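**Q** Just so you know, the protein sequences line up as chains G and X, in that order.
Under our numbering, the very last position in the first sequence is 1537; numbers go up by exactly one each time.
Under our numbering, the very last position in the second sequence is 1537; numbers go up by exactly one each time.
By construction, these hints were calculated from the structure, which means they are not laboratory data.
There could be a bad hint or two in this list.
Given that identical chains are not distinguished, each listed pair holds provided it fits within a single copy or across any two copies.
[Unchecked claim] Calculated cross-link-like contacts (lysine to any residue; reagent style SDA-like; alpha-carbon spacing at most 25 Å): (1) Lys-1502 / Arg-1321; (2) Lys-1502 / Phe-1316; (3) Lys-1380 / Val-1331; (4) Lys-1221 / Leu-1312; (5) Lys-1502 / Cys-1491; (6) Lys-1379 / Leu-1507; (7) Lys-1415 / Ser-1285; (8) Lys-1224 / Leu-1272; (9) Lys-1415 / Ala-1354.
Keep in mind it's a predicted model, so treat the numbers as computed, not measured.
2 protein chains.
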Amino acid sequence: MAGVPANRNTLLAALCLTIATSAQSLLTTASKNSKGSYDYNVATVPFLSELIKLCVSSFLLYRAHKADPRGTQITTDWRNVLLFPVPSLVYLLHHSITFPLLRYVDPATYQILGNLKIVTTGLASVFVLGKRLPQIKWISLVLLTIGTTTSQLSSSSGSIFSAPAQGYLLGVANACLSAFAGVYTEYLMKKNDDSLHWQNVQLYSFGVLFNAIRLTVDDLSAGFEKGFWAITLTDGYDVVTVFVVLNLAFSGLLVSVIMKFADTIAKVFATSLAMMVTPFAAYFLFNIVPSFPLMLGIVIACISVHLYYASQKDLFELSEVPKAGLTKIPSLKEVPIPASDTEKTEKV
Amino acid sequence: MAGVPANRNTLLAALCLTIATSAQSLLTTASKNSKGSYDYNVATVPFLSELIKLCVSSFLLYRAHKADPRGTQITTDWRNVLLFPVPSLVYLLHHSITFPLLRYVDPATYQILGNLKIVTTGLASVFVLGKRLPQIKWISLVLLTIGTTTSQLSSSSGSIFSAPAQGYLLGVANACLSAFAGVYTEYLMKKNDDSLHWQNVQLYSFGVLFNAIRLTVDDLSAGFEKGFWAITLTDGYDVVTVFVVLNLAFSGLLVSVIMKFADTIAKVFATSLAMMVTPFAAYFLFNIVPSFPLMLGIVIACISVHLYYASQKDLFELSEVPKAGLTKIPSLKEVPIPASDTEKTEKV
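Isolated chain G, as found in the complex:
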């Protein structure tokens, strides 16, 4: 997106996504009842959030079209529309793998395996979208994976090597699905100059549809034990649950902006950093002291973001000669050391 003036807005969107993702996990925790379970049907949250996103996007599309009917490009070719259910389908598959996966690995290992999606997103960007990433960006993606993993280290991480092979295979499959869904959405958003709102309307329509199907299937398999979901939709909701839904919808809209004007990798950076913002918010909210591995992980993740987005000049340009504050020993300045050793010399 070289030269897109929306650059600053994209950065803002990414920052908002970090905060919203972090808020999502805090709100979800806050929405639990005193026994640690949920009083509401958890699967209604993504349904309602897709519905809200659809309403918002339809409204924005209507307004944009009214203001500038020629500038608001809308492709209604069915071959194009039919590309939009794919992300919903992939996410559904991704979701259905999670439960068998958790049968093979414990939650700590599950969380650590989830970090693989950072690297698989890079791979998918290259192999599916045909992007080209220089070595430094690969290094920063690996560092981000390690940083998020380090931040999750706990006494239970010892079990990471004890899962059966199926567990790791499913974990890798899950990371690949997640990456594919991401880059495919990016592809949808960038493949033509259609209005973002029109693209979202298509995306969220299928989102609403597939979530409705899922809720119906759940009801069928439970024999309508708790009634029909469309009737009991907001049973057990309180004000926190409403915020859970609204925040999820807000996050989704931010993701589509980032996909359109930046890329999936920027989204992955934003959501990965959220994993580290959350414990700090937990510190201020619940006085839970952040762990030492978390702090190490945060530093690694920040370095990773910097390496990914810093310019070559910033990284390699030599800083000004330091002021001789500590160099009171004048003879020490006589040392014949070459000023520049950035190149191939001293390859130790």
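Got chain G sorted already, so can you dock chain X onto it with the hints?
**A** Frame of chain G, contents of chain X only:
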């Protein structure tokens, strides 16, 4: 040291130093008796090792001088010779801080604080030697510090924040002393074109002297309970102890080569990597399974080495367009994504 043909030899020396440093900790452990303590006087090891280095360097100096009397530069100006006791003195100070430091912090925290010497060595190289390091090298030094710290994470690392302020101050002081001793030695080795062997003869002469003084002071404070050290010098030595001494001498000689032809930072990289080689050697020798944090630490440290020594071109040049192995969906190649996004765009 741009253009020095000894480049490959320096790399070899650094690799040998990594192995020798790793072997040192394994040999030292192996030299313990069945009760976990030492049958010999531990302080005799550095003394004997300095003595061996002095003998080896004297012999090499004699040979070099015989072969090429004009090419073997020897500065005997006393003002120059008097610079050489400084490293021994600083190491003595460094050593004497260790015990009060261990009164304030536990061994795990002590080990983690020790990693600060990586960053202080970078600072000392800049402020004492007047070197200039680009941002990417600072980042890799910070990463190496984090990598070694991550590799040391254990259930006891929780205590890292529980030490009193004096502990951290002494830890930082210790890291600064270690860094200063390092860059000062580098300065000595590079300040003129004197023969490396002559520089070593001076360095190790003072090393022998100060270690002898230390052993005498120890004996005096113990009231010659165990006799005079010069007489009981090798009491309790076995074949492993001999290897401990020889390996320490060998490591020391390697360090002086690295200081002369590369720099202190290369030495720090070599010895830091050794901390990670050791547990792997322990795996093959004693079947102790390496921990997960250790593996994360190793990857971080390897990335750090690569970032420090890789060329700008290697890091930023775009790789070849990937072969369209997975890109079977032809329409996915139509996405109008800019090929190069290495520059300031997408600053998220």
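**Q** If a hint holds in the structure, say so; if it does not, say that too.
**A** Here's how the hints hold up against the structure:
1. In this homomeric assembly, Lys-1502 and Arg-1321 come within 25 Å of each other (Cα to Cα) both inside a single copy, at 20 Å, and across copies, at 15 Å.
2. When the C-alpha separation of Lys-1502 and Phe-1316 is checked against a cutoff of 25 Å, the pair qualifies only between copies, where the shortest distance is 23 Å, while the shortest distance within a copy is 28 Å.
3. For the homomeric pair Lys-1380 and Val-1331, neither the shortest alpha-carbon distance inside one copy (28 Å) nor that between copies (41 Å) is at most 25 Å.
4. Taking the closest pair of Cα atoms, Lys-1221 and Leu-1312 never come within 25 Å of each other, the shortest separation being 37 Å inside a single copy and 50 Å across copies.
5. For a Cα distance limit of 25 Å, the shortest separation of Lys-1502 from Cys-1491 qualifies both inside one copy, at 19 Å, and across copies, at 23 Å.
6. Taking the shortest alpha-carbon separations for Lys-1379 and Leu-1507, only the inter-copy value of 22 Å comes in at or below 25 Å, while the best intra-copy value is 38 Å.
7. In this assembly of identical chains, Lys-1415 and Ser-1285 lie within 25 Å of each other by CA distance solely inside one copy; the values are 22 Å within and 73 Å between copies.
8. In the homo-oligomer, the alpha carbons of Lys-1224 and Leu-1272 never lie at most 25 Å apart, since the shortest distance is 43 Å inside one protomer and 71 Å across protomers.
9. Neither within a single protomer nor between protomers do Lys-1415 and Ala-1354 lie at most 25 Å apart by alpha-carbon distance, with minima of 38 Å and 59 Å respectively.
Checked against the numbered hints above, the structure breaks hints 3, 4, 8 and 9 and satisfies the rest.
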